[in-house]
Amino acid sequence: MRTLEPLFFTLILIIGVFFFVSVLFAIYTILLKIWNNRKAKFWNRLEGQWEPQVLAILAENQDPKELCDQIREDEQLYFVDYILRFARRLKGEDVKTLSRIARPFLSKVAGRLNEGDDEQRARGVYTLGALAFYEHAKEIIHALDDPSPLVAMVAAKALTREEHPEYAQAVVSKMHRFENWSRQFLASMLRDPGDALKLSLREMLINPSESLHVRIVSAEALLKLNDLPSADLAVEILNKEKNSELQVAALKLLKYLGRAEHVSIIRLLCHSSDEIVTAHALGALGKLGDSTDVPILRSSLDDSSPWVALHAARALMDLGQVALLKELAASQHPRANLGHEMISELKS
Amino acid sequence: MIGYFQFFLNIINFLTLIYFLILNSFYLVTSLFAFRALRKHVRRIKAFDVEDIITFAVAPPVTLIVPAHNEQATCVEATKSFLTLIYPEYEILIVNDGSSDETLARLIEAFELVSAVRMPTADISTKKVYQSYRSRRYRNLWVLDKENGGKADALNVGINFCRTPLFCAMDADSVLEREALMRIVRPFLEDARTVAAGGIIRIANGCTIREGVVSEVNLPRNILAKFQVLEYLRAFLSGRMGWSAMNATLIISGAFGLFKRSVVVDAGGFRTDTVGEDMELVVRLHRYCREKKIPYQIVYVPDPIAWTECPESWKILGRQRDRWQRGLSESLWRHRRMLGNARYGIIGLIAYPHFFFLEMLGPIIEFLGYISFIICLILGWISGVFIITFFMVAFMIGVALSVAAVCLEELSLRRYPKFKDLLKLFSIAVIENFGYRQLLTYWRFRGIISLIWHKKGWGGMERKGFNT
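From first to last, the protein sequence lines are chains A and X. Each residue of the first sequence is one higher than the one before, counting from 1 in the numbering used here. Each residue of the second sequence is one higher than the one before, counting from 1 in the numbering used here.
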């Protein structure tokens, strides 16, 4: 029993510690709940006071200064946040009006871009990008070099808004920072129709020293921009490059932006050893090919890969080969159901 | 002889103590990691609004795969909830897994389903698919009627017919919050290496659901369901978020997980010879990606929520926990080469040993520990005061961890708005230590025994339907 005494006292101590910790957590949670509820009521009440005035300002029935003068110092950041939430529901001149309302308090937000944790800096960039982009464009561009990928991405989003396409170039030059982000997501950010941007994207697409990620994002972005000249670059890539992901990106470009003279390279890739390349080549053939390509597509229905067969069937439909698809549907072919599916898609 | 017996019991007592200390140390560590991760996440979603991502970016199309077996009570309501999701492009594949009730008939009637052909895009081996249906009213809703083969088989059928880069494995009795897909897709946008992401499961019992949307969140009235509310808070907020923060997620709930289709197909889909197919797949994905040297990540996201009905009867709950323990044990035993293996990084060196020794074998140690303590007490080989003290330690640590989970909930997601619900959760944190936790240990112990005795199958689950 004596040997158990130290253990016994240790256990008593542990009980005491965890009892204290439990009580502490419980009290903290209760206080947090009370605090959160009070805070929510307080801010709801304030927002209830602000909203009619904001609406009056938007209707030009009130001077913004009148509202701004009511905002206390400890309410300023919350007020900016409120205006930001309001701005997300509106467009055009209304957003400019809201920006003017928030302007007196934005220097406080700008001051946070160099301090605090990643999320705080990112929130600062987000706010400035939405409410005072031109006044703080320099800081936002600088944020592209922030060590935090989150801050850099929020800055990139702010810089690629359609209201100021001239700033998208800054993002394109820093594309290597976003190697881990989704390519589709990155490409969709670059929607600007500016020629300078397209030039940069074409250069990156064709440059073999750029990373695969950057080249593919460039291809996706050029596709979204309907950049016709990039179709020729896609052919150049297909002639020289062996990387299957890059080939797929080039084939997608050709599918929607290519011309009839590009079809020969596409035909070659319909027999690629990579099923995804083959599938996309068949898809492109459906858009750019002609009736002489029907045998290739027909034989691809027998491919062991269901994706290849599916793309071949779709391509046949694109070439107007409905009779062939009906024949397939009525046959005993293992892929007869594909014919049925295409026909029912046509009907719907 | 008695000396040997006493020695044996002392070993068990010692092992119980060590097990207990190590287990709770892990829980404390994961709680700390979870606290940090949740705080960071809440601040992060303010900086990077998910609606902005979805409205202006090309969100990847997603297929919801929903296995359904005898779900006539909830299938229509759950499907309605899936149809109201806010997401730009998604399909719903309900896989009717040989239901013997009115599941298919109710779906056909409610959603105007007609026969339609759909070609598979993968060829994972499954039971026969009889017919595919498409809704005339909702063009993105399909139902696949198949021969009964179990949940994993139904999921594999869904994968075979999936045409999107991502698929979301769901339970037919779950109700997703409307923004849940938007939120769970975030990791895939922020990091293209993401192959799987898990969402949070909450208890729907007691909540009001209208037209597939959770309109009012309440604690359930049933005491058993209340226990499970707290348990799920601990498991998801403290446990899984903590492991995710350490890049060591070993389980994604089959009730709500988003996966990259191509990787799952390459890894072979869900295994049909285990009742823990969800965990088994995640463990296998770790193994597959590491062995093939594919850069990857598997994460938990705390804000996408799926609400699901939990058992309110002791018998059904016991069966469920028995099954979960069997599934866990099967998955861990199958991939035991990862145990302590540095080739698998933090998974092999920390997460796997934790789950293997503490979660899989732990119930055996704990159960034997209870028996041993009782025997020692009766035979006077151990002081009653010591045992009470030991149980008080277990009790206090358990309460502390539960209260910490409630605290995490209040810090982050705050889905239970009523103050009295908070107080109820605190009282549950105390009460559950007098019987409920011990029963859980017994059921988990029984699960391992049933595994050893080669018991298979899911058992039944009573569905009451949502409170509408």
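Hints were generated in silico from the structure; no laboratory data involved. Keep in mind that the hints are not guaranteed to be accurate.
[Claimed, not checked] No more than 20 angstroms apart at the CA atoms, straight line, and that leaves these computed lysine to any residue pairs for SDA-like:
1) A:Lys347 with X:Lys40
2) X:Lys46 with A:Ala87
3) A:Lys347 with A:Asp303
4) A:Lys39 with X:Arg39
5) A:Lys41 with A:Leu11
6) X:Lys128 with A:Pro334
7) A:Lys347 with X:Arg137
8) A:Lys41 with X:Arg137
9) A:Lys39 with X:Thr389
10) X:Lys420 with A:Asp274
11) A:Lys224 with X:Pro61
12) X:Lys418 with A:Lys347
13) A:Lys41 with X:Lys420
14) X:Lys127 with A:Asn37
15) X:Lys315 with X:Pro220
16) X:Lys128 with A:Asn337
17) A:Lys252 with X:Thr164
18) A:Lys224 with A:Ser209
19) X:Lys424 with A:Leu31
20) A:Lys252 with X:Pro61
21) X:Lys293 with A:Ser244
22) X:Lys293 with A:Glu179
23) X:Lys418 with A:Trp43
24) A:Lys108 with X:Arg43
25) A:Lys39 with X:Ser412
26) X:Lys315 with X:Leu224
27) X:Lys46 with A:Leu106
28) X:Lys424 with X:Cys207
29) X:Lys292 with A:Ser244
30) A:Lys39 with X:Leu411
31) X:Lys292 with A:Tyr78
32) X:Lys46 with A:Leu31
33) X:Lys293 with A:Leu319
34) X:Lys424 with A:Ile30
35) X:Lys418 with A:Asn37
36) A:Lys252 with X:Lys46
37) X:Lys40 with A:Asn36
Right, here's what the structure says about each hint:
Only pairs whose Cα atoms come within 20 angstroms are accepted, and lysine 347 of chain A paired with lysine 40 of chain X is rejected, the gap being roughly 50 angstroms. Under the criterion of a C-alpha separation no larger than 20 angstroms, the hint pairing lysine 46 of chain X with alanine 87 of chain A is consistent with the structure, at around 15 angstroms. For the suggested pair lysine 347 of chain A and aspartate 303 of chain A, the alpha carbons sit about 26 angstroms apart, so the restraint of at most 20 angstroms is broken. Of the supplied pair hints, the one linking lysine 39 of chain A and arginine 39 of chain X holds, its CA atoms being roughly 18 angstroms apart against a limit of 20 angstroms.
With a C-alpha separation of about 44 angstroms, the suggested pair lysine 41 of chain A and leucine 11 of chain A falls outside the 20 angstroms cut-off, and the hint is violated. A threshold of 20 angstroms between alpha carbons decides the hint, and for lysine 128 of chain X with proline 334 of chain A the separation of about 16 angstroms falls inside it, so the pair holds. At most 20 angstroms may separate the alpha-carbon atoms for a hinted pair to count; lysine 347 of chain A and arginine 137 of chain X meet this at roughly 15 angstroms. Between lysine 41 of chain A and arginine 137 of chain X the CA atoms are separated by roughly 43 angstroms; this puts the pair beyond 20 angstroms, and the hint is violated.
For the proposed pair lysine 39 of chain A and threonine 389 of chain X, the alpha carbon gap of about 42 angstroms is over 20 angstroms, so the pair is violated. Distance check on the hinted pair: lysine 420 of chain X and aspartate 274 of chain A sit about 61 angstroms apart at the alpha-carbon level, beyond 20 angstroms; violated. For the given pair, lysine 224 of chain A sits about 17 angstroms from proline 61 of chain X by alpha-carbon distance, which is consistent with the 20 angstroms threshold. Straight-line distance between C-alpha atoms of lysine 418 of chain X and lysine 347 of chain A comes to about 53 angstroms, which puts the hinted pair past the 20 angstroms bound.
Between lysine 41 of chain A and lysine 420 of chain X the alpha-carbon distance is near 18 angstroms, which keeps this suggested pair within the 20 angstroms criterion. In summary, the hint linking lysine 127 of chain X to asparagine 37 of chain A is not supported, as the alpha carbons are separated by about 53 angstroms, beyond the 20 angstroms threshold. For the proposed pair lysine 315 of chain X and proline 220 of chain X, the alpha carbon gap of about 18 angstroms is at most 20 angstroms, so the pair holds. In summary, the hint linking lysine 128 of chain X to asparagine 337 of chain A is supported, as the alpha carbons are separated by about 15 angstroms, within the 20 angstroms threshold.
Proximity of lysine 252 of chain A to threonine 164 of chain X is assessed by CA-CA distance (about 17 angstroms); at most 20 angstroms being required, the pair is judged to hold. With a C-alpha separation of about 23 angstroms, the suggested pair lysine 224 of chain A and serine 209 of chain A falls outside the 20 angstroms cut-off, and the hint is violated. Between lysine 424 of chain X and leucine 31 of chain A the alpha-carbon distance is near 16 angstroms, which keeps this suggested pair within the 20 angstroms criterion. Between lysine 252 of chain A and proline 61 of chain X, the direct Cα distance comes to roughly 17 angstroms. Compliance with the 20 angstroms bound is thereby established for this hinted pair.
As the CA atoms of lysine 293 of chain X and serine 244 of chain A are separated by approximately 19 angstroms, the hinted pair is consistent with the 20 angstroms bound. Taken as a hint, the lysine 293 of chain X and glutamate 179 of chain A pair is honoured in the structure, with Cα atoms around 18 angstroms apart against an allowance of 20 angstroms. Distance check on the hinted pair: lysine 418 of chain X and tryptophan 43 of chain A sit about 19 angstroms apart at the alpha-carbon level, within 20 angstroms; holds. With a CA separation close to 18 angstroms, the supplied pair lysine 108 of chain A and arginine 43 of chain X stays within the 20 angstroms bound.
Restraint check: the Cα-Cα separation between lysine 39 of chain A and serine 412 of chain X comes to about 15 angstroms, which is no more than 20 angstroms; the hinted pair holds. As the CA atoms of lysine 315 of chain X and leucine 224 of chain X are separated by approximately 11 angstroms, the hinted pair is consistent with the 20 angstroms bound. Using a Cα cut-off of 20 angstroms, the hinted pair lysine 46 of chain X and leucine 106 of chain A holds, with the two alpha carbons roughly 17 angstroms apart. Proposed proximity of lysine 424 of chain X and cysteine 207 of chain X is supported: the alpha carbons are some 16 angstroms apart, at most 20 angstroms.
Taking the CA atoms of lysine 292 of chain X and serine 244 of chain A, the gap is about 18 angstroms. The hint holds against a cut of 20 angstroms. The straight-line distance between the Cα atoms of lysine 39 of chain A and leucine 411 of chain X is roughly 14 angstroms, inside the 20 angstroms bound, and the hint therefore holds. A threshold of 20 angstroms between alpha carbons decides the hint, and for lysine 292 of chain X with tyrosine 78 of chain A the separation of about 49 angstroms lies outside it, so the pair is violated. Annotation: proposed proximity of lysine 46 of chain X to leucine 31 of chain A is violated, straight-line Cα distance about 23 angstroms (limit 20 angstroms).
Distance hint between lysine 293 of chain X and leucine 319 of chain A is unfulfilled; the C-alpha atoms sit about 41 angstroms from each other, more than 20 angstroms. The suggested pairing of lysine 424 of chain X with isoleucine 30 of chain A holds, with an alpha-carbon distance near 12 angstroms, which does not exceed 20 angstroms. This hinted pair checks out: lysine 418 of chain X and asparagine 37 of chain A have alpha carbons roughly 10 angstroms apart, not beyond 20 angstroms. Using a Cα cut-off of 20 angstroms, the hinted pair lysine 252 of chain A and lysine 46 of chain X is violated, with the two alpha carbons roughly 35 angstroms apart.
Simply put, lysine 40 of chain X and asparagine 36 of chain A have alpha-carbon atoms about 18 angstroms apart, close enough for the 20 angstroms limit, and the pair holds.
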